[in-house]
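Colleague: With the hints as extra help, turn the sequences into a complete structure.
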Amino acid sequence: MGAVIVDGKAIALSIEKTISQGVTQLASEGVSPHLVVIIVGEDPASRVYVRNKQRACERCGIESTLIEMSEDSTQEEVLDMVESLNSDDSVHGILVQSPIPGDVDELAVASAISPRKDVDGFHPANLGRLVQGDSSGLMPCTPAGVIRMLEHSGMELVGAKAAVLGRSRIVGMPMSLMLASKGVDATVTIVHSRTHDVELICRESDIVIAAMGRPHLVKSDWVKPGAYVVDVGISRTDGGELAGDVDPQVAKVAGWMTPVPGGVGPMTIAMLMENTLTAARQS
Numbered sequence: 000m001g002a003v004i005v006d007g008k009a010i011a012l013s014i015e016k017t018i019s020q021g022v023t024q025l026a027s028e029g030v031s032p033h034l035v036v037i038i039v040g041e042d043p044a045s046r047v048y049v050r051n052k053q054r055a056c057e058r059c060g061i062e063s064t065l066i067e068m069s070e071d072s073t074q075e076e077v078l079d080m081v082e083s084l085n086s087d088d089s090v091h092g093i094l095v096q097s098p099i100p101g102d103v104d105e106l107a108v109a110s111a112i113s114p115r116k117d118v119d120g121f122h123p124a125n126l127g128r129l130v131q132g133d134s135s136g137l138m139p140c141t142p143a144g145v146i147r148m149l150e151h152s153g154m155e156l157v158g159a160k161a162a163v164l165g166r167s168r169i170v171g172m173p174m175s176l177m178l179a180s181k182g183v184d185a186t187v188t189i190v191h192s193r194t195h196d197v198e199l200i201c202r203e204s205d206i207v208i209a210a211m212g213r214p215h216l217v218k219s220d221w222v223k224p225g226a227y228v229v230d231v232g233i234s235r236t237d238g239g240e241l242a243g244d245v246d247p248q249v250a251k252v253a254g255w256m257t258p259v260p261g262g263v264g265p266m267t268i269a270m271l272m273e274n275t276l277t278a279a280r281q282s
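Numbering-wise, numbering that gives the first Met the number 0 puts 149 at position 150 of the sequence shown, and it's gapless, one number per residue.
No wet-lab data here; the hints were simulated from the structure.
Please note that a few of the clues may not be correct.
Listed below are the simulated DMTMM-like cross-link pairs for lysine to aspartate or glutamate, each with C-alpha atoms no more than 25 angstroms apart in a straight line [to be verified]:
1) Lys181 <-> Asp205
2) Lys8 <-> Asp205
3) Lys218 <-> Asp6
4) Lys223 <-> Glu150
5) Lys181 <-> Glu150
6) Lys223 <-> Asp237
7) Lys160 <-> Asp205
8) Lys251 <-> Asp104
9) Lys8 <-> Glu57
10) Lys160 <-> Asp104
11) Lys16 <-> Asp42
12) Lys181 <-> Asp220
13) Lys8 <-> Glu28
14) Lys8 <-> Asp196
15) Lys223 <-> Glu57
16) Lys8 <-> Asp71
17) Lys223 <-> Asp196
18) Lys218 <-> Asp246
19) Lys16 <-> Asp205
20) Lys251 <-> Asp6
Modeller: Here it is in structure tokens:
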């Protein structure tokens, strides 16, 4: 039969329609959600991501402001900009586009954003809420988007075995916490560069979430027939083509599979819009 290719773009657009209704309702109460994105330098991929975020804001009726800083901006200059936005009551969400060039410490920048305006969900206070099992705050966007995709597809998460490949603070670790949280109740194995028997762990899993940034790492013989395979990774092959972490041949074995592009990416942006609306509601 082959895998069902999960249309992340279509799911994201349906979520954005609901967000748009929430934005309209909030505006009628005198609050207009406002997202500010800071971009440092001229990285072409970052520029594309920022444009996609701006377009999503337009679709949802969210006000967006882009602040462009030069490639040679210092950490102090970036932190000063963040602090000025923290104290601006008209701003509900702050996002500093990654990667930041130069010697700027991205963790320090993420920690400087007010937890109430941290729409990326990377502030230690927001990540800490996940550890406590509290999902009412601003959630990391990519893991939140993956959960929504799984739920939309009707995947039975309670008791499911999930393998999360990668342990980054942006995807892997928060993804593992969200899958294991009460109400989701999956059983999670975190796979990383020092893990033994990776293929066996994946083959025994009902859900495989690949977020390693290694093109076509997950092969078809790693995957349990009928499993739900989520491809978070995106990088370029030696030939310069975009590639995910999952080999396309996996589609012959899996039950569901997310494409690259058009899978997790649109869902991440939809969750960013939802976080901005949540932050505005809580302001």
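Colleague: A separate judgement is required for each hint: does it hold in the structure or not?
Modeller: To see whether the hints hold, each was checked on the structure:
no., hint, in the structure
1, Lys181 <-> Asp205, "holds (18 angstroms)"
2, Lys8 <-> Asp205, "holds (23 angstroms)"
3, Lys218 <-> Asp6, "holds (21 angstroms)"
4, Lys223 <-> Glu150, "holds (20 angstroms)"
5, Lys181 <-> Glu150, "holds (15 angstroms)"
6, Lys223 <-> Asp237, "violated (29 angstroms)"
7, Lys160 <-> Asp205, "holds (5 angstroms)"
8, Lys251 <-> Asp104, "violated (42 angstroms)"
9, Lys8 <-> Glu57, "holds (16 angstroms)"
10, Lys160 <-> Asp104, "violated (35 angstroms)"
11, Lys16 <-> Asp42, "violated (31 angstroms)"
12, Lys181 <-> Asp220, "violated (31 angstroms)"
13, Lys8 <-> Glu28, "violated (30 angstroms)"
14, Lys8 <-> Asp196, "violated (34 angstroms)"
15, Lys223 <-> Glu57, "violated (41 angstroms)"
16, Lys8 <-> Asp71, "violated (35 angstroms)"
17, Lys223 <-> Asp196, "holds (15 angstroms)"
18, Lys218 <-> Asp246, "holds (5 angstroms)"
19, Lys16 <-> Asp205, "violated (31 angstroms)"
20, Lys251 <-> Asp6, "holds (17 angstroms)"
The earlier numbered hints that this structure contradicts are 6, 8, 10, 11, 12, 13, 14, 15, 16 and 19.
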